[in-house]
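A.B. asks: Each chain, written out:
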Amino acid sequence: MIEIYINGERHKLTANITLVEILALKQVAEQSVAVVVNQVIIPRSEWPHYQCQIGDQVEFFSAVAGG
Amino acid sequence: MSLNDHQYILYSKQMLLADVSEQGQLTLMKAEVTVVGVGGLGQLVAQYLAASGVGHVHLIDDDKVALSNLPRQLLFSANDIEVNKAQVAAKKLQQRNPDSQVSAHPTRLTSDNYQTLFNTISPQVIFDCSDNFATRQLINRIAVERHLPLFSAAISGDQGQWFAYLPESVLTKNPALNTKPHGCYHCVFPADSLLSQNCSQMGVLGPAVGIMASMQALAGMNHIIGRQVEFGVLHRFDAKRLSWSKATMAIDKHCCVCR
Ligand SMILES: [Zn+2]
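Chains as they are written, first to last, in this note's numbering: chain A, 918 to 984; chain B, 1052 to 1310.
Calculated directly from the structure, the hints in this document are not laboratory data.
Misleading hints may appear alongside valid ones.
Said to hold, decoys possible - Quick list of simulated restraints, FRET-style, between CB atoms:
hint, chain 1, residue 1, chain 2, residue 2, range
1, B, T1167, A, V957, 34 to 40 Å
2, A, V957, B, K1064, 44 to 50 Å
3, A, E926, B, A1242, 29 to 35 Å
4, B, E1133, A, N955, 47 to 53 Å
5, A, V957, B, G1277, 26 to 32 Å
6, B, L1245, A, G972, 28 to 34 Å
As the list claims (entries may be wrong) - Sample of chain B residues with no beta-carbon within 12 Å of chain A, all distances over it, derived:
hint, residue
7, N1130
8, K1142
9, K1143
10, D1150
Just so you know, even glycine gets a beta-carbon here, dropped at the ideal spot from N, CA and C.
Working from the sequences, and respecting the hints, build out all of it.
C.D. replies: See the structure below:
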């Protein structure tokens, strides 16, 4: 198990968990968010093989388009 | 081109900034820019640009002023309701500062008409002040295709986002800009992204829109006058807590727009 932070909350998750698996765990639709890991936005095409490391700060947020 | 006595006084506060000076002011006065969307964001961006003496400001919007715009779109008044926003804004800004040429393009920017429109104008930067995701994707594409630095802001509810994007074609030609390649809007939000809310149904407070518009206008002006701008960073603003966060826009190697 490794400890990572998801939107500021501490989680204990299996080692090598991917971003796609984290979104599934949190029941977040992939097309509805951008994912930030340690202040870098990770492109959606990389999520299936992007494995989280101990202490990673993972955040997701949606696009806003109003003006 | 040199400044007359009136202009020296008019723009004195800008020129008092040591790295702006008369040279920076003249650079602004030679600049040509495009603002897409003249709603909450665009009407303020346009005011700052025209008032600061930017040489030519193009305003693109097919929308008309509505009563519910007035609490935050302060350029407009009740007399302007039902009139095209680009035309109202161009007329008022032109009157306020004849140094800036303000052109209205009262049309909706679409994938069908953008080539024709951009063949008739030659902006050096583009401001995305639009109010929907499809137009934002299109503007991002235009920035890449036409080699235009993009200054983009958006807000819905209490969530604001802004970023500056420099196409790779521009940064490789301009090493002085000291910018590394970074992701475009589509790298962050692919075209099939789902938005959490329908913008037209979201509320918003005037000053929150003003903050986002001010950031994009300031970033754009800084770039035009030759100041270092941090491109490729998405800034998020929480208008309730008044807090900011930021994240680097990484390149999507499979991006169909910028790769
Ligand atoms: Zn891209």
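A.B. asks: For each hint, tell me whether it holds in the structure or not.
C.D. replies: Now for the hints, and whether the structure bears them out:
For the pair T1167 of chain B and V957 of chain A, the beta carbons lie near 38 Å from each other, so the given range of 34 to 40 Å is met. At roughly 38 Å, the beta carbons of V957 of chain A and K1064 of chain B sit outside the given window of 44 to 50 Å. As the Cβ distance of E926 of chain A to A1242 of chain B is approximately 31 Å, the hint placing it in 29 to 35 Å holds. The beta-carbon spacing between E1133 of chain B and N955 of chain A, approximately 50 Å, falls within the hinted interval of 47 to 53 Å.
Roughly 28 Å separates the CB atoms of V957 of chain A and G1277 of chain B, a value that falls within the hinted 26 to 32 Å. Checked against the hint of 28 to 34 Å, the pair L1245 of chain B and G972 of chain A passes, with Cβ atoms roughly 30 Å apart. The Cβ of N1130 of chain B lies farther than 12 Å from every Cβ of chain A, with a closest approach of about 23 Å, so its non-interface assignment holds. No beta-carbon of chain A is positioned within 12 Å of the beta-carbon of K1142 of chain B; the least distance is around 21 Å.
The beta carbon of K1143 of chain B sits about 19 Å from the closest Cβ of chain A, which is more than 12 Å, so the claim that it is off the interface holds. Against the 12 Å criterion, D1150 of chain B stays outside the reach of chain A, whose nearest CB is about 27 Å from its own CB.
Violated hint for the displayed structure: number 2, the only one.
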